[in-house]
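A.B. asks: Can you build the whole structure from these sequences, using the hints too?
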Amino acid sequence: MENKIRLDLSPKLNSFLESMSTQNSELQKVKLTRHEEIAPGVFIIGFSRRHDFIPGQTVKLGIDEIQPPRIYSICSGTKDDELCVLYNIKDDGFLTPRLAKLKVGDTLYASAPGGTFFGTEDPAWWIATGTGIAPFRAMIRSGMGQNKKLVHGVRHLNQFYFSKELAKGLGPHYHRCCSTETTDGVHPGRVTAFLENRNDLFKDWKYYICGQAQMAVETRDLLIEKGIPFENIVTEIYF
Amino acid sequence: MEEKVPLFGKTLSELQELIAGYGLPKFTAKQIADWLYKKEVKSIDEMSNLSKKARELLKKNHTFGLTEYVDVKESRDGTKKYLFPTAHGKFIETAMIPFKDRKTICVSSQVGCKMGCLFCMTAKQGFQGQLTAGEIVNQIRNLPEREEITNIVYMGMGEPFDNLDEVLKSVEVLTSEWGFAMSPRRITVSSIGIIPAMIRFMDECEAHLAISLHTPFHEERQKLMPVQIAYPLEQVIEELKKYDFSGQRRVSFEYIVFGGLNDTPAHIKELANMLRGLKCRVNLIRFHPVPGTPLHGTDEETLQKFKDGLNNKGILTTIRASRGLDIDAACGLLSTKALLNQKK
Numbered sequence: 001m002e003n004k005i006r007l008d009l010s011p012k013l014n015s016f017l018e019s020m021s022t023q024n025s026e027l028q029k030v031k032l033t034r035h036e037e038i039a040p041g042v043f044i045i046g047f048s049r050r051h052d053f054i055p056g057q058t059v060k061l062g063i064d065e066i067q068p069p070r071i072y073s074i075c076s077g078t079k080d081d082e083l084c085v086l087y088n089i090k091d092d093g094f095l096t097p098r099l100a101k102l103k104v105g106d107t108l109y110a111s112a113p114g115g116t117f118f119g120t121e122d123p124a125w126w127i128a129t130g131t132g133i134a135p136f137r138a139m140i141r142s143g144m145g146q147n148k149k150l151v152h153g154v155r156h157l158n159q160f161y162f163s164k165e166l167a168k169g170l171g172p173h174y175h176r177c178c179s180t181e182t183t184d185g186v187h188p189g190r191v192t193a194f195l196e197n198r199n200d201l202f203k204d205w206k207y208y209i210c211g212q213a214q215m216a217v218e219t220r221d222l223l224i225e226k227g228i229p230f231e232n233i234v235t236e237i238y239f
Numbered sequence: 001m002e003e004k005v006p007l008f009g010k011t012l013s014e015l016q017e018l019i020a021g022y023g024l025p026k027f028t029a030k031q032i033a034d035w036l037y038k039k040e041v042k043s044i045d046e047m048s049n050l051s052k053k054a055r056e057l058l059k060k061n062h063t064f065g066l067t068e069y070v071d072v073k074e075s076r077d078g079t080k081k082y083l084f085p086t087a088h089g090k091f092i093e094t095a096m097i098p099f100k101d102r103k104t105i106c107v108s109s110q111v112g113c114k115m116g117c118l119f120c121m122t123a124k125q126g127f128q129g130q131l132t133a134g135e136i137v138n139q140i141r142n143l144p145e146r147e148e149i150t151n152i153v154y155m156g157m158g159e160p161f162d163n164l165d166e167v168l169k170s171v172e173v174l175t176s177e178w179g180f181a182m183s184p185r186r187i188t189v190s191s192i193g194i195i196p197a198m199i200r201f202m203d204e205c206e207a208h209l210a211i212s213l214h215t216p217f218h219e220e221r222q223k224l225m226p227v228q229i230a231y232p233l234e235q236v237i238e239e240l241k242k243y244d245f246s247g248q249r250r251v252s253f254e255y256i257v258f259g260g261l262n263d264t265p266a267h268i269k270e271l272a273n274m275l276r277g278l279k280c281r282v283n284l285i286r287f288h289p290v291p292g293t294p295l296h297g298t299d300e301e302t303l304q305k306f307k308d309g310l311n312n313k314g315i316l317t318t319i320r321a322s323r324g325l326d327i328d329a330a331c332g333l334l335s336t337k338a339l340l341n342q343k344k
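For the record, the sequence lines run as chains W and E.
The first sequence: position 19 = 19 (our numbering), numbered continuously.
The second sequence: position 11 = 11 (our numbering), numbered continuously.
By construction, these hints were calculated from the structure, which means they are not laboratory data.
Among the hints, erroneous ones may be present.
Among the chain W residues that face chain E by a calculated CB cut under 8 Å, a handful are [to be verified]:
1) Glu-225
2) Phe-230
3) Glu-231
Derived contacts from chain W toward chain E, CB cut-off under 10 Å, selection only [stated by the list, open to error]:
4) Thr-58
5) Ile-66
6) Pro-68
7) Ile-71
8) Val-104
9) Gly-115
10) Phe-117
11) Pro-188
12) Gln-212
13) Val-217
14) Glu-218
15) Asn-232
16) Val-234
17) Thr-235
18) Glu-236
This one's a predicted model, so the numbers in the text were calculated from it and none came from an experiment.
Each residue gets a CB set at the ideal place from its N, CA and C atoms; glycine is no exception.
C.D. replies: Next comes the structure, spelled out in structure tokens:
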């Protein structure tokens with residue numbers, strides 16, 4: 001008899017994951033209902049939602065059934081009819097230049113939602129760079145904005161994706177950092193410099209980090225240095 | 001001026017394609033492979049059985065492609081750590097670990113790493129680039145001990161399955177008759193378990209596989225190893241159970257034992273449950289702290305109990321001897337220091 005592997009998660013999440021494992025994990029054809037360039041080289045792509053998911057989860061997308069799919073964070077909410085992801089074109093990448101050529105009505109291949117970067121109701125800092133903002137937007141749209149503080153770091157001012165929506169949802173707890181340009185209301189410099197000077201990094205809060213590897217590792221190291229237990233830090237790295 | 005492409009690291013089929021493009025006889029590819037992988041030469045000029053025209057064509061567009069190490073440190077226990085420069089001004093590490101009658105070479109597959117494991121020094125460099133197959137094999141070809149090597153492990157800097165094409169090519173060069181002609185059973189590729197790449201590796205390569213496990217518990221592992229979020233260990237093992245390891249091919253699991261974290265009876269029980277039905281081995285590794293990490297190693301008594309606990313549950317478990325502690329043995333330390341010196 002095959003062993004059933006248990007996860008040390010809450011019963012609710014375990015039961016959710018078990019139900020997920022019975023869904024078809026293979027890629028399924030979907031028709032694009034949205035494809036919008038929201039900043040130079042950055043797109044939202046969307047299709048009708050077929051599955052429930054937990055905000056923070058990902059889907060695999062592919063352009064056919066042969067090439068390996070890539071994983072993207074869902075950026076839409078649990079009540080939205082569409083399931084959307086945010087992506088930027090990587091010139092040396094395989095999938096994103098091809099994705100960018102698709103139009104509404106075209107076919108895409110998508111998996112059921114997966115991954116365990118789960119948003120919760122607990123107080124938390126959300127820390128993102130670039131398109132790493134996607135899972136936090138999904139959490140905000142799913143009503144998880146209470147007791148949360150968000151910092152989003154980017155290189156250029158036009159990369160603050162969803163800023164109006166996030167500002168509306170989080171008010172003064174939405175912070176923006178830009179490393180190469182300045183303007184009112186935006187902290188100059190990197191996310192780590194912003195966090196370095198905060199006195200509200202509470203040890204019993206959760207810390208969710210999402211973005212590129214080096215930022216994620218540096219941020220995690222900084223938080224640990226400031227006394228945050230590593231058990232309270234969850235890191236999702238885009239690789 | 002266009003950069004010259006190194007020949008070293010090219011597979012026979014790549015050489016054949018290259019030769020066809022130059023309009024040279026087909027057998028030239030095999031001759032070049034001989035010079036690259038079987039003979040003690042280091043320049044295209046020394047490929048004496050190639051026509052002059054062939055050598056000139058190659059020299060115009062290619063380099064031989066070998067790179068010498070720039071630093072070496074030797075431990076009291078005989079372990080050596082070599083520092084190689086890469087094409088773009090970075091550094092990678094290669095360790096030579098002698099043990100009894102064996103000499104194991106630990107090679108890097110990337111410059112830096114993007115996997116962000118909490119306990120890893122290389123992670124702190126971030127990701128700086130992929131190594132080519134040539135740069136991977138060069139770490140073996142250019143060691144003074146190359147003739148004495150018994151085993152090769154891909155456990156240095158980087159995640160091999162995040163650079164799978166080049167890793168597979170390097171294994172092809174090492175194991176093919178036209179290459180170094182080593183047995184694939186002397187090579188182990190270690191990964192944190194990127195599932196699609198792992199499946200491809202299992203299907204396309206005969207080398208052994210090692211998976212960095214470190215804890216059987218999901219939430220704990222995702223805090224140690226962010227990859228767990230995308231590719232949970234449970235699914236990695238589920239995939240591995242589809243393969244037959246009853247022959248000579250091995251799968252093993254690396255388990256760094258952290259004091260008070262992953263060294264409890266609950267971990268033994270869960271690990272044994274998880275691995276039941278899979279013919280495998282667990283290698284327990286002592287943790288030697290890297291700067292800035294909140295983790296620490298376990299004590300010897302607990303380590304021994306952990307090993308005995310797993311063995312008693314039918315999971316073949318050994319403790320890996322710590323080597324090279326006096327020479328920045330933790331992977332990534334030496335190259336990070338070199339990188340910092342370079343920045344200064």
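A.B. asks: Decide, hint by hint, whether the structure agrees.
C.D. replies: Checked hints:
This hint holds: W:Glu-225 has a C-beta 7 Å from the nearest C-beta of chain E, less than the 8 Å allowed. Using the Cβ-Cβ criterion of 8 Å, the hint placing W:Phe-230 at the interface with chain E is satisfied: the shortest such distance is roughly 5 Å. For W:Glu-231, the suggested interface contact is upheld, since its CB lies about 6 Å from the closest CB of chain E, less than 8 Å. Below 10 Å, beta-carbon pairs count as interface contacts, and W:Thr-58 has one with chain E at about 7 Å; its hint therefore holds.
Look at W:Ile-66: its Cβ only gets to about 12 Å from chain E, farther than 10 Å, so that hint breaks. The interface hint given for W:Pro-68 is met, as the beta carbon of that residue sits about 5 Å from the closest beta carbon of chain E, less than 10 Å. The closest approach between the C-beta of W:Ile-71 and any C-beta of chain E is roughly 6 Å, which is under the 10 Å cut-off, so the hint is satisfied. Restraint check, W:Val-104 versus chain E: the minimum CB separation of about 28 Å is more than 10 Å; hint violated.
The beta carbon of W:Gly-115 comes within 5 Å of a beta carbon in chain E, closer than 10 Å, and the hint placing it at the interface holds. A least Cβ separation of about 5 Å between W:Phe-117 and chain E falls short of the 10 Å threshold, and the interface hint therefore holds. This hint is violated: W:Pro-188 has a C-beta 22 Å from the nearest C-beta of chain E, more than the 10 Å allowed. A distance limit of 10 Å between C-beta atoms decides the matter here; for W:Gln-212 the minimum to chain E is near 8 Å, and the interface restraint holds.
At its closest, the beta carbon of W:Val-217 sits 5 Å from a beta carbon of chain E; the interface hint therefore holds under the 10 Å criterion. The beta carbon of W:Glu-218 comes within 8 Å of a beta carbon in chain E, closer than 10 Å, and the hint placing it at the interface holds. For the restraint placing W:Asn-232 at the interface with chain E, the shortest Cβ-Cβ distance is roughly 9 Å, inside the 10 Å limit, so the hint holds. For W:Val-234, the interface hint holds, the least distance from its beta-carbon to any beta-carbon of chain E being 6 Å, beneath 10 Å.
The criterion of a C-beta within 10 Å of any C-beta in chain E is met by W:Thr-235, whose closest approach is roughly 4 Å, and the hint holds. With 10 Å as the threshold, the beta carbon of W:Glu-236 comes within range of chain E, its nearest partner Cβ sitting at about 5 Å, so the hint holds.
Of the numbered hints given earlier, the model fails hints 5, 8 and 11; all others are met.
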